[in-house]
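J.: The primary structure of each chain is shown beneath.
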Amino acid sequence: MPPIAPGTRDLRLDFFRGLSLWFIFVDHVPGNIMTWLTVRNYGFSDASEIFVFISGYTAAFVYGRVMKERGFIVGAARVLKRAWQIYVAFVFLFVFYVAEISYLATRFQNPLYTEESGFFELLQKPEIVILEALKLRFLPANVDVLPLYIVLMGFFPLILWGLLRRPNLTLAASAILYTVARYLDWNIALYPWDRYWFFNPYCWQLLFVIGGWCALGGIDKIGRILRSRAFLALCILFLLYAAVLQLSWFIPGLTRQLPAWMHVLPLNKSDLSLFRLAHFLALANLVVRFVPIDASFLRSVWARPAIICGQNSLEIFCLGVFLSFSGHFVITEISSRKLAYFLVSLAGILIMIAVAALMSWYKGLNRSVEKPAPKKNLEEKIA
Amino acid sequence: MRIISAAIALLLAGIVPGHAQNCNVNPELVETSSALQRVNTAVTKEGKLAILVVSAAPTQVGQASGLKSYPSFLEAALKEKLKETNVSVFAFAVPREPIGKVLKALPGAIREHKPDLVIWQTGTIEAIRAMDPDVFGDKLMEGVSLIRADKIDVILMNQQYSPRTDFMFDGTPYTDNMRWVAQSKDISLFNRYEIMKYWADHGVFDLRAMKSDGTYEKLHRCLGGLLADFVLRGASLPGSPDNHRK
Chain A
44 MPPIAPGTRD
54 LRLDFFRGLS
64 LWFIFVDHVP
74 GNIMTWLTVR
84 NYGFSDASEI
94 FVFISGYTAA
104 FVYGRVMKER
114 GFIVGAARVL
124 KRAWQIYVAF
134 VFLFVFYVAE
144 ISYLATRFQN
154 PLYTEESGFF
164 ELLQKPEIVI
174 LEALKLRFLP
184 ANVDVLPLYI
194 VLMGFFPLIL
204 WGLLRRPNLT
214 LAASAILYTV
224 ARYLDWNIAL
234 YPWDRYWFFN
244 PYCWQLLFVI
254 GGWCALGGID
264 KIGRILRSRA
274 FLALCILFLL
284 YAAVLQLSWF
294 IPGLTRQLPA
304 WMHVLPLNKS
314 DLSLFRLAHF
324 LALANLVVRF
334 VPIDASFLRS
344 VWARPAIICG
354 QNSLEIFCLG
364 VFLSFSGHFV
374 ITEISSRKLA
384 YFLVSLAGIL
394 IMIAVAALMS
404 WYKGLNRSVE
414 KPAPKKNLEE
424 KIA
Chain B
42 MRIISAAIAL
52 LLAGIVPGHA
62 QNCNVNPELV
72 ETSSALQRVN
82 TAVTKEGKLA
92 ILVVSAAPTQ
102 VGQASGLKSY
112 PSFLEAALKE
122 KLKETNVSVF
132 AFAVPREPIG
142 KVLKALPGAI
152 REHKPDLVIW
162 QTGTIEAIRA
172 MDPDVFGDKL
182 MEGVSLIRAD
192 KIDVILMNQQ
202 YSPRTDFMFD
212 GTPYTDNMRW
222 VAQSKDISLF
232 NRYEIMKYWA
242 DHGVFDLRAM
252 KSDGTYEKLH
262 RCLGGLLADF
272 VLRGASLPGS
282 PDNHRK
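Protein sequences, first through last, are from chains A and B.
With the working numbering applied, the first sequence corresponds to residues 44 to 426, in that order.
With the working numbering applied, the second sequence corresponds to residues 42 to 287, in that order.
Among the hints, erroneous ones may be present.
As the list claims (entries may be wrong) - Restraint-style ranges between C-beta atoms, simulated for each label pair:
no., chain 1, residue 1, chain 2, residue 2, range
1, B, N67, A, N84, 15 to 21 Å
2, B, P99, A, E170, 23 to 29 Å
3, A, A338, B, R249, 32 to 38 Å
4, B, G103, A, W229, 50 to 56 Å
5, B, P99, A, A273, 54 to 60 Å
Derived from the structure by calculation, the hints contain no laboratory data.
Think of the CB as a built atom: it goes at the ideal place given N, C-alpha and C, for glycine as much as any other residue.
Pulled out of the complex, with its shape left as it was, chain A reads as follows:
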């Protein structure tokens, strides 16, 4: 990857982060047939990996420069401010979620689903649920990646400090933490029952740190290997293997045709299975190779919708979670035909684009008001 000149942003990051936000929304509408248009069914990794990696990459890129120019304290303060914003977004989504399940809990008495209604036991002690949510020990469905993001950003000043001084050592420490956590089953417990964080932060931090390491120049050190034909062939083979295996899950009979050693499914998403990690890295390598940083496509009007969504990632992620709840509601109340899934997905993505455009417009306004127009400030909001 060519070095990025200060101030110019790698639009690929925004583009693919925007795309991953659309995918996350589409995958979060239960039963959505449109998931076939996302990456999920064609390999081991899915949009979550894209989102976490790019978030690590951008965070290191943007705050790394702040920390280098203005010191640890200012850099750390900016990172923590961002973590706080994500926390507030999380609480906001929690409120919606609790409203929706409380509504159902008091009205849903279909005898077909007595077992499923066991879920509402959660609400027996609302005061505890709310407190535990504020402590990130009660997590609504589909927002799991936000608490991960909060914790990662909370520790990011330290990670970044390490990445700026001893990048390889920091990466190694991160890999060690991942390995130890997987061996000793470390995770954060949830309230109630014997539950744990879906995105185990001890494991997923590795992908975030890999993103940061790449952003701060690590990628150039291994550039020669990444660009070699042999490595490319290896990546393609691995991606094909993953695609065949993942699709065999959906095609009855195909599984039987495959030799036993090929079977590795199901993979552990919570602990970021190494197969998922390798799959994502292979995919990323291919994308970086075939979509150059100056690809004219990225400047075209067709790429703009995904790019602006990626540039307003936090807001658009939250909107996506909210839209997936609403989309589910529409599907349940009105129609669950394939066309309905298509329309809900399309409408959701259009709303995400419209809101992202609005957010970018606001940011533009702020910039023209704040006279010195500090570009870095804008980028921070994007990271």
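Chain A is fixed; fit chain B onto it per the hints.
T.: Same frame as chain A, now just chain B:
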């Protein structure tokens, strides 16, 4: 085409008075992937068939004939198709407890009921409580090995399709683990989730009701019937609608 077939299904189900409920699903959804040898031997050589339905469902406890859920309809359908056979279905449940507790109670239940076939319904309470899917898979594997050690046949059954509560917990990782166990142990998975989703998508059943609307019994009757065919087909016994094709 789908719309037309759904409309016909609705007509048959609702408007034509006294007509039997349409329970049809896409045949791929009820394909059996493994042979139920013990069931075959029990029916053809011993003239009996004892089935144990294992679950965590509070409504599924006791002799099937006394229940209103699918074990009872399974028993009725099998009795009708296997007239010479002494069919008995018993429903065993550890109500609202995750798989660990079920696993502990399993040996005792098997000793007591001496089944030829265990139908193991699981993955709901585990999804609600967000149990670690890997642990779930390991426990299920342990349980299935335990049952298979006695040469007893096993069919796994996953969670229901529940459109209202679908967004609150995700059953996919648990179904994935059930598939993995089914594949590794060469047993069949009765994909209740996809079957019910098919019915919902094709207008056979409306599963969105907030309160009791009479669907419960009709749906369980369909499930029992499909399951009976699934068992007969898996054991290569006569009586199943498309047995002649096998």
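J.: It remains to establish, for every hint, whether it holds in the given structure.
T.: Status of the hints after comparison with the structure:
1. B:N67 - A:N84: 15 to 21 Å: holds (19 Å)
2. B:P99 - A:E170: 23 to 29 Å: Hint holds: Cβ distance 28 Å, inside 23 to 29 Å.
3. A:A338 - B:R249: 32 to 38 Å: This hint is violated: roughly 46 Å between Cβ atoms.
4. B:G103 - A:W229: 50 to 56 Å: Since the Cβ atoms of G103 (chain B) and W229 (chain A) sit about 43 Å apart, the hinted range of 50 to 56 Å is violated.
5. B:P99 - A:A273: 54 to 60 Å: holds (59 Å)
The structure shown violates the earlier hints numbered 3, 4.
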